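Engineer: Following the hints, position chain B against chain A.
Number of protein chains: 2
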Amino acid sequence: MAQFQLNILGCGSAIPTARHNPSSQIIDIRDNLFMIDCGEGSQLTMRKMRLKYARLNNIFISHLHGDHCLGLTGLLSSMALQEKSGTLTIHIFEEGADLFDQQLKFFCRDTPYEIKFNIIKPERATIFESNAITVETIPLFHRVPCVGFLFKEKPKLRHLKGDMVKFYEIPVKDIHGIKEGNDFITPQGVLVPNSHLTSDPSPSMSYAYCSDTAFNPQVAESVKGVNTIYHEATYTNEFISIAGKRGHSTSAQAAQIAKMAGAERLILGHFSKRYRDESGLLNEAKTIFDNTILANDGMRIDLL
Amino acid sequence: MAQFQLNILGCGSAIPTARHNPSSQIIDIRDNLFMIDCGEGSQLTMRKMRLKYARLNNIFISHLHGDHCLGLTGLLSSMALQEKSGTLTIHIFEEGADLFDQQLKFFCRDTPYEIKFNIIKPERATIFESNAITVETIPLFHRVPCVGFLFKEKPKLRHLKGDMVKFYEIPVKDIHGIKEGNDFITPQGVLVPNSHLTSDPSPSMSYAYCSDTAFNPQVAESVKGVNTIYHEATYTNEFISIAGKRGHSTSAQAAQIAKMAGAERLILGHFSKRYRDESGLLNEAKTIFDNTILANDGMRIDLL
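Taken in sequence, the protein lines are chains A and B. Counting from 1, one number per residue, gives the positions in the first sequence under my numbering. Counting from 305, one number per residue, gives the positions in the second sequence under my numbering.
Here chain A stands alone, though its shape is the one from the complex (with noise of 0.2 Å):
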């Protein structure tokens, strides 16, 4: 079971290509699904990952525009053909609730799940808590409104130190409180300090993703710290001007983004289908942030 995996289904721009889907990807936090935009073709990818519409409860849509959005009528309507039950959120924006509202109404009659959505501004705010995470918004700078996403996992429980539960005679009951990090009283009175017992627990892991933008450093702010950062690098350098016009960002921009945030780990993603190979787009930005990867359709990447 993955504990918190990136799963990219789509990586490309306004036009799909044979090479990439528009774009689309999903999180596996421990087999509950995260799905993050949703170009034309999504349902088909999904598929062919084998990544289960049952267990897909969340969709967030950054912008509206077509390649990130235009495949929810087709997921939806085969998941009501399918083994879907339960609640799935679609976080939007309040226009494109209205836009899907009454097609999903229609081709998705008689589901056997229930479809909400939950309006979202673009503007910093967590839009979703659950025991294991949190998503926020983050505002980008694109031709339409359109925010980012930040997923940050809560920290996580102590570990405990096997040696100290048994020579302290921890009752069960006592174990969750401990890993959270409270202190052991022995029946004698005696207080074991919780830095006895556990050690420090695993390390929260968190992602942001962040497309479409053009380059702006408070989208840096907006994610500093984070472990791994998928960015959009629709150009290279040569186009940085179109990029600008456009809302988009080039690749050592993208790259910059990631060396102010302290970033990790940079995924490049959201390539123009000028590109036949993104080997430039790499090399460009890894002048910048060594760590950096390309995104490709398909693609699996374990955050921790």
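Just so you know, these hints were derived from the structure itself, not from any lab. Do not take every clue at face value.
Covered stretches of chain A (chain B as the covering partner; in silico rule of three or more C-beta atoms under 8 Å from a C-beta of chain B) [as the list claims (entries may be wrong)]: (1) 10-17; (2) 30-43; (3) 67-73; (4) 102-109.
Just so you know, these numbers come straight off a predicted model, no measurement behind them. Even for Gly, the Cβ is constructed at its ideal location relative to N, Cα and C.
Structural biologist: Just chain B now, kept in the frame of chain A:
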């Protein structure tokens, strides 16, 4: 340049699979493209098959199930980013026009081409006519209102006998009329009958798209004498009862329709995802109608 060519973009059924896209076809008549149905992903297959957006001016939607129309918004928004100009007409039921109008207005803003809806009804009618062809709707028998489309080439011009044209020194201005069947009167007032000057024209071909539909002899009546019929064959006869309940046909039933219609050729399509290999469907049909072939994504067939 293709004279009358069928291009199959997808021939799967409700759930897209790695083997088959959902329904979509393009009839190419001397570089004028006519699309029939537009399942999700059709825009991509169109590009893979090098069928140009600029040449597509008419899209015919058989019915409002997602696998026959959910590629519309994506295709039209990509066309807006590409070289398309002029008018694109979508022939669709009124409910479909309502369903897509809002999305198209949003995702295809500032298009360099005009989008028009031609409202069709589930009845027999001529819905399109050009110099070269007519397109008629054929009532089908599905769970929701559904029509097939009958493409007919108009009668062609008669073939000139070159030696006769020379012998009678027929002026250029009279040539077109003679190809249309006129007699010729010499400057001396002698009538030369058309049959001396021309031979019969090439036959006018026809093509019927019949998907989705339960078996019904009325379909055969509607397409009597058609040259090529594409008929859905979702299942083998083993599932004849499910087919009937779901408004679909078996392969044997498709073959019976082709036989009853006196068609020359049958193309089977709209395959259930349960079949990894459609040879069973083909064999079943061939016992009833020998000149049967299986559709496949990316297939091109000259209908002449």
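Engineer: For each hint, tell me whether it holds in the structure or not.
Structural biologist: Results of checking the hints against the structure:
1. 10-17: This one holds; 4 residues, not fewer than the three required, reach chain B with a Cβ under 8 Å.
2. 30-43: Holds: 3 residues of the stretch 30-43 of chain A have a Cβ under 8 Å from chain B.
3. 67-73: Holds: 3 residues of the stretch 67-73 of chain A have a Cβ under 8 Å from chain B.
4. 102-109: Our answer is that it holds, as 4 residues pass the Cβ test (under 8 Å) against chain B, meeting three.
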